[in-house]
Amino acid sequence: MEEASSSSGHPRHGDPPPHHVLGYGGFHGGAMPNHSMPSATFFEQDGGGGGAYFGELEEAFMHQVATFSSSGGRRAAHQQQTPTATSTIAHHHGHSNAMPFPSTVAATATAVVAVAAGGARPPPTLDIFPAWPMASLSLHHTPKEGSNVTADSTDSESSSKNNMNKDSSDHHHQQGLVGVVTVASQFHQIPEQYQPQHHQQKMATSSTHSDRTGKALDPKTTRRLAQNREAARKSRLRKKAYIQQLESGKLKLAQLEQDLQRARSQGLLVGGAPGGNSSAGAAMFDAEYNRWLDDDSRRMVELRGGLHAHLPDSDLRAIIDDALNHYDELFRLKGAAARTDVFHLITGMWATPAERCFLWMGGFRPSDLLKTLVPQLDPLTEQQMVGICGLEQSLLQAEEALTQGLEQLHQSLAVTVAGSGCLADDANIGSFMGDMAVALGKLSNLEGFVIQADNLRQQTLHQMHRILTVRQAARCFLAIGEYHNRLRALSSLWASRPREILMPDEGNCGQLSIAAHPSESQYSAF
Amino acid sequence: MAAERVKRLASERAVVIFGASNCYMCHAVQTLFTQLGVSWTVHELDKDPRGKDVERALAGMVGRGPPVPTVFIGGALVGPTDRVMSLHLSGQLVPLLRQAGALWL
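These protein sequences, in sequence, are chains A and B. Heads up: the first sequence begins at 1 in the working numbering, then just goes up one per residue. Heads up: the second sequence begins at 1001 in the working numbering, then just goes up one per residue.
Extracted from the complex, chain A is given alone in its bound form:
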């Protein structure tokens, strides 16, 4: 019956059912701009709503006050209903079961504050019913249980204010309900305690303002409040999802660190994880290679200085021999790396992308380097030319031999991986493991090819050193160093190239140039 009466007088009947049932409908139906689900606060223990509750009460009271002034005719209805409200509240106070209580309380509240639905914010001047009405007002209770309720709520109010967010939902229910009850009862008390005209006077002070603002904004404010509720609810859900994401990410990170630790403690990993550079052997080689690069650039500087200074051949020769030894060291490092992580070398993950573009068996292709260098080494004697041509031809044959051997390995490996049975059928575990074992054996041949290819590179450098004069050899080594520097620079430039149309032209400071295609001079080094 309360429902019926409340709904009849309730302009906010269109509210979604939870709101309606939970009633104190006016409370949440009213101006609750910050809290979308005060009902949730009551009964769903939503974390964000805890502190909002009492503000809502205050606002609800404002509305109640406003409504009272504006709808005199309904006052009677209210007053008629409030005793019912109080009694029902009192009646249910004994029950700890929140369910029936809310509905009744809700109905009551709706009845009590029903018409207050007008959404205008209470004028700041009106502070008759502060957020904690129980604390400030002394209450007279007609029903005995009502006094219990109020007393409880007084105590619970302050504690609930502090503990709202931490309480269990039941407790929360209790306190919330009790709070509401207290408010409701208090509200009820006032007309009983004081004469109606007092009430009317109080109403009057606020009425003018509320009257001006309340009714006119009803539909708009209603909508705004509903939107605010929705927004707050969505943001709460988003926050939950975000926290969940964070926690799962944290778990994943901890797991990855564990795996990494385990892998490291087990020593060098062959093949590494799919992540590429995660094997210990690969990481070690990368570090050693970077150190080698630094050393190499130092030697190149020394070589260049020696050339420009026109050092005697003996001194230059010493520097060149040193550079050659340094290359030998590189191939030693690569050989060791091939035995621990051949995939790292053969996929070129140790090199920059542009170098990788020209990758052949885990490094540069010696015949290509020779073809690039020869024009730079002019003038060459005829004997030197013959020597170099012979070197190039032998190199091509050796490279072809290695390539063919590797090709045969590829084909054989493909056959092994495909297995003896049919790939589409259910794999027989026995044959799978057998095939894997054979494939593993074949894979072990890869390191041999990388090592042989490195041998070709090393021998090429030694032969060049043998064929060329000291000064030519110096320029040759400088050219090799500079060529690879340019490839590395190309990689960085490519990685950091701007994607927009306009970009600053490094060559001419300040000028903009169209960079839609790499036609700029600094990009056409090769």
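Hint data in this document are derived by calculation from the structure and do not stem from the laboratory. Computed from a prediction, not measured in an experiment: that's the story for all the values here. Please note that the accuracy of each hint is not assured.
Taking lysine-lysine and the DSS-like style, the derived pairs with C-alpha atoms no more than 30 Å apart in a straight line are [what the hints assert, rightly or not]:
1) A:Lys-239 / A:Lys-252
2) A:Lys-220 / A:Lys-234
3) A:Lys-250 / A:Lys-234
4) A:Lys-239 / B:Lys-1052
5) B:Lys-1052 / A:Lys-442
6) A:Lys-220 / A:Lys-239
Could you slot chain B onto chain A? The hints should help.
What follows is chain B alone, placed relative to chain A:
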């Protein structure tokens, strides 16, 4: 015993390669000699009943590295793949082949 067998086998032809059917580097070496126009003979040790002994003997001759492929030219030990390749790059392989009669051009 096995070493003598190796010597004997190596002297039978101008270019003798000791390899294995599952050795892909052996295939690379064979390809190189084919490119040079040299006819070669390969003994696949995994198909040889006494292959293990030969392998052990070769390992002793070659030292570090895999025992196969090992190349003999004119009965004399040349060595493993990298040795053959280095010789070729330095231009010494072809004269060696000519000397052994494996190459006439």
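Outcome of the hint check:
no.: 1; hint: A:Lys-239 / A:Lys-252; verdict: holds, 20 Å
no.: 2; hint: A:Lys-220 / A:Lys-234; verdict: holds, 21 Å
no.: 3; hint: A:Lys-250 / A:Lys-234; verdict: holds, 24 Å
no.: 4; hint: A:Lys-239 / B:Lys-1052; verdict: violated, 70 Å
no.: 5; hint: B:Lys-1052 / A:Lys-442; verdict: holds, 20 Å
no.: 6; hint: A:Lys-220 / A:Lys-239; verdict: holds, 28 Å
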